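Chains as they are written, first to last, in the working numbering: chain A, 32 to 381; chain B, 13 to 486.
If you're looking for bench data, these hints aren't it; they were derived computationally from the structure. No experiment lies behind these values; they were computed from the predicted model shown. Treat the hints with caution; some may be incorrect.
Stated by the list, open to error - Far from chain B, by Cβ distances over 10 angstroms, these chain A residues were calculated:
1) K89
2) E195
3) E318
Stated by the list, open to error - Computed, partial: chain B to chain A, Cβ under 10 angstroms:
4) L17
5) L187
6) F425
7) V426
8) T427
9) G456
10) M464
11) V465
12) F472
13) L473
Yeah, the Cβ is synthetic: ideal placement off N, Cα and C, and Gly gets one too.
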Amino acid sequence: MTVWENLRAFKSLWVLALAFLGACGLYLLTLWGIVARECIMPVARERTVRIHEFLQAKAAEQGEARDIYVLGSSVVVEGVDCHVIDPLLKDGWESYNLAWTAAGPKQWLLILPALERARPSIVVLCIVATVGTSPLAADLAAIAGWEGLVSRRYLATMRPYFGEEDYAKLAPCRIWHLMTYRSFPFEALDAYMWESSRPDLRYEGYATNFKAPWVRRNIAPAKKVAQEIEDIAQRAAIHLVEHPQDALVIVEEVVRHLRSNCDCQVLLVLAPVNPKLRGLLSPEQVESAKQAYRSLAQQQGICFVDHTDILQATDFSDAVHPFSSGRAIWSRALGKALSDCTMARSLRKP
Amino acid sequence: MVAVLLCMAFVRTHMLQIVLLLAASYIFYMSWNPTFILLILFSTVNDYVAGLGIAGSKTRRARVCWLLMSCFTNLGLLAVFKYLGFFVASVNQVWLAWYGGSAVLPAVALTLPVGISFFTFQSMSYTIDLFRGEIKPERSFMRFALYVAFFPQLVAGPILRSKEFIPQLRSVVELRAENLLQGCNQFLVGLVKKVIIADNIAPLVNQIFAAPQGSPSAAIWLGALAFGIQIYGDFSGYSDMAIGSARMLGFHIPRNFNFPYAARSITDFWRRWHISLSTWLRDYLYIPLGGNRKGRTATYRNLFVTMALGGLWHGAGLNFIVWGMYHGALLAVERSVGFGRQKEGVRSARPASFWARGKTLVVWLLIQYLVFLGWVIFRVHNWSDLTYCVRKYVFFDFNFDPGAMGLSGTNPFVTVGIILVFVLLHAISYRSNGLIHHLNRLRGFQLGLVWMVVLLCLMFLWPTGRTAFIYFQF
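The following block holds chain A by itself, in its conformation from the complex (with noise of 0.2 angstroms):
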């Protein structure tokens, strides 16, 4: 056999070629129509992509804002009742839950720019002290890519907060995070055959809801929920010991940012936490990140609440989450600290 005949054999191959073109054509297509024009995802996703829509659209609106933005992890979403709050603010003034699930002072970062160009009165940054900071989830990271959450000069300024890991998920060029939008019709299809599956959950209008987004109907078994604070207490035992330092330092650079790109008043509120797994930490090192949160605090001149202990244990769901009845004593606790702050702003903005 020469050479020119061993080369022949691969033109049998020019099918396999044009099948891979084919192929990825149509994998793009799909994946721009289905998830970045759709907005077919896992819905803790898209309620971002929503969140950056709302942000985007009062950007755009004129006049003076009064408006009021919480932002947190799902401790947020299903214990912050907007309802509750609004009617203890003043005339004009209006809260919007805007947690997602499993955001922490990391995924903030996020959407900063969009939340500065909205331009609130009001931004309560609610944190879990015993809760580090979590690596940005890769679908996340395509998401913010594609939908040019974060600019390539703000991603610059912010590569030390993120961290190389993290910077390097949100580096690429955008065609590819559309295409690590891969798996996201899939996962999209299973999160919501999980959350119709499960008994507990209330599912309606999460990605679009920014008063009230999620709520429980029942408690998660004891025995379960005992597992679970074990598991959150051993977590929370080596963020607490190791990593005291990683969520301060972007929370305090979220902060700097809000006051001096939008005039806004900042709360720093530390969500309240299940008395049984306050019971399995060191009440030391819980003091001890409290009170870093709170030098945080008077260090930038902004408004500092504890929320950490005003919780039964009855009145959360599950390890972490509030219950309605905590909802409702939570968010009124809230509506209380946000009324003072709402009076003093309006005080000196006449």
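Assemble the complex: chain A is given as a structure, and chain B must be docked to it using the hints.
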């Protein structure tokens, strides 16, 4: 692979082709850990010299000496790199339990060289075959080295037999369109099994078996089913990719799996699962131990010992030994009641009656129940989890609460969908005697369309995380 194929197209001298393939094999292995290439070289030189020694010896005593040298060296490598750490840890554990105080032996933590179980067994089979006079010695070192380190199957099998593979290395490699297409098809099938089936099921399996205590029976059953399919997809997927890659180069590697979950007895299962290992164990362990020639008791003992050692081959862990012994015991029980002796491919001309079909179905379900119980033993790595999982698997508790199953974050519904698709495809493929044959018959537009759909599925279902091949650890 593409680079190797292109180079092979330009290189026309036989010896140069061998050198090229050998270089590619060594580079492939060194890409994981360059140091361990010395181990392959050592094993190769050892068995090459032993082979020449066996062939050149005049007396049986000398031939036995050469054979023992080969076996002891290969098994010694395995003992040091694979089992020493486990042995030391076990001794320390027993010592601490009985006498307390500090550990009696210093801890050993050696990196397990990828594929060591495969290339040592492959290399050893050459010297044993030579000793038995079944093959002639390979005089060319390059050719023998390529047999030991042939890159498509180097790290996870199938375990090649010298009498089947070395003769293929004696002729010039010619690239043929037919081989390229069939190799690509086989490779694609393997990729689908690995990426779409195994890798997408892996998170669910990991979640269930990470902390199984407290999980209901439904979760353990789902875990067993998912792991059984994951390990099949993972391992047979790698085998298919190896066979496909070799096929592209014009080499024929025999199949390693033949619809194992269609087995109607445990004996039948072992004729279909990891065929290259089970035949290796049969030819080089079970038969030399006496096979079934020395009475019933000896046969049961031989089955038990062979399978226990087969289990140990999979890894240094108590669960692997228990898994091997479990299968050994099942085979012995089967043999004692005269079950599972029907010959493969023998089918009655008359259509089976309703009752006969029902009986076949019940037997098949029972065998799968036992096989998947074996996978639970294989997957769980500590004794308390093992006893819990086996108890929950055997005594079903009828708790179907999805919350109690603790499957959040693992896409359980998509995973179950993938499991169902796998079962369907597997059944269709079994009934039609292998989908790959149909795929190989397609040409032009039809083949392109199938490829496009499969590639599209691969792109969508390629998991975001990396999952290594399970058998790389063996």
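Here's how the hints hold up against the structure:
Remark: the non-interface label on A:K89 is consistent with the geometry, its nearest Cβ contact in chain B lying 32 angstroms away (cut-off 10 angstroms). With a closest Cβ-Cβ approach of about 19 angstroms to chain B, A:E195 is found to remain outside the 10 angstroms limit, as its non-interface label requires. No beta-carbon of chain B is positioned within 10 angstroms of the beta-carbon of A:E318; the least distance is around 31 angstroms. Checking B:L17 against chain A by beta carbon gives a least distance of about 8 angstroms; that is within 10 angstroms, so the hint holds.
Evaluation of the B:L187 hint against chain A yields a held restraint, the C-beta minimum of about 4 angstroms falling below 10 angstroms. At its closest, the beta carbon of B:F425 sits 4 angstroms from a beta carbon of chain A; the interface hint therefore holds under the 10 angstroms criterion. The restraint placing B:V426 at the interface with chain A holds, with a minimum CB-CB distance near 4 angstroms, inside the 10 angstroms limit. Interface hint at B:T427: satisfied, since its Cβ lies 8 angstroms from the closest Cβ of chain A, which is below the 10 angstroms cut-off.
Interface restraint check for B:G456: the shortest CB-CB distance to chain A comes to about 6 angstroms, inside 10 angstroms, so the restraint holds. A hinted interface residue such as B:M464 counts as satisfied when its beta carbon comes closer than 10 angstroms to some beta carbon of chain A; here the least separation is about 4 angstroms, so the hint holds. At about 8 angstroms, the closest approach between the beta carbon of B:V465 and any beta carbon in chain A falls short of 10 angstroms, and the interface hint on this residue holds. The criterion of a C-beta within 10 angstroms of any C-beta in chain A is met by B:F472, whose closest approach is roughly 5 angstroms, and the hint holds.
At its closest, the beta carbon of B:L473 sits 7 angstroms from a beta carbon of chain A; the interface hint therefore holds under the 10 angstroms criterion.
Every hint, counting from the list given before, is met by this structure.
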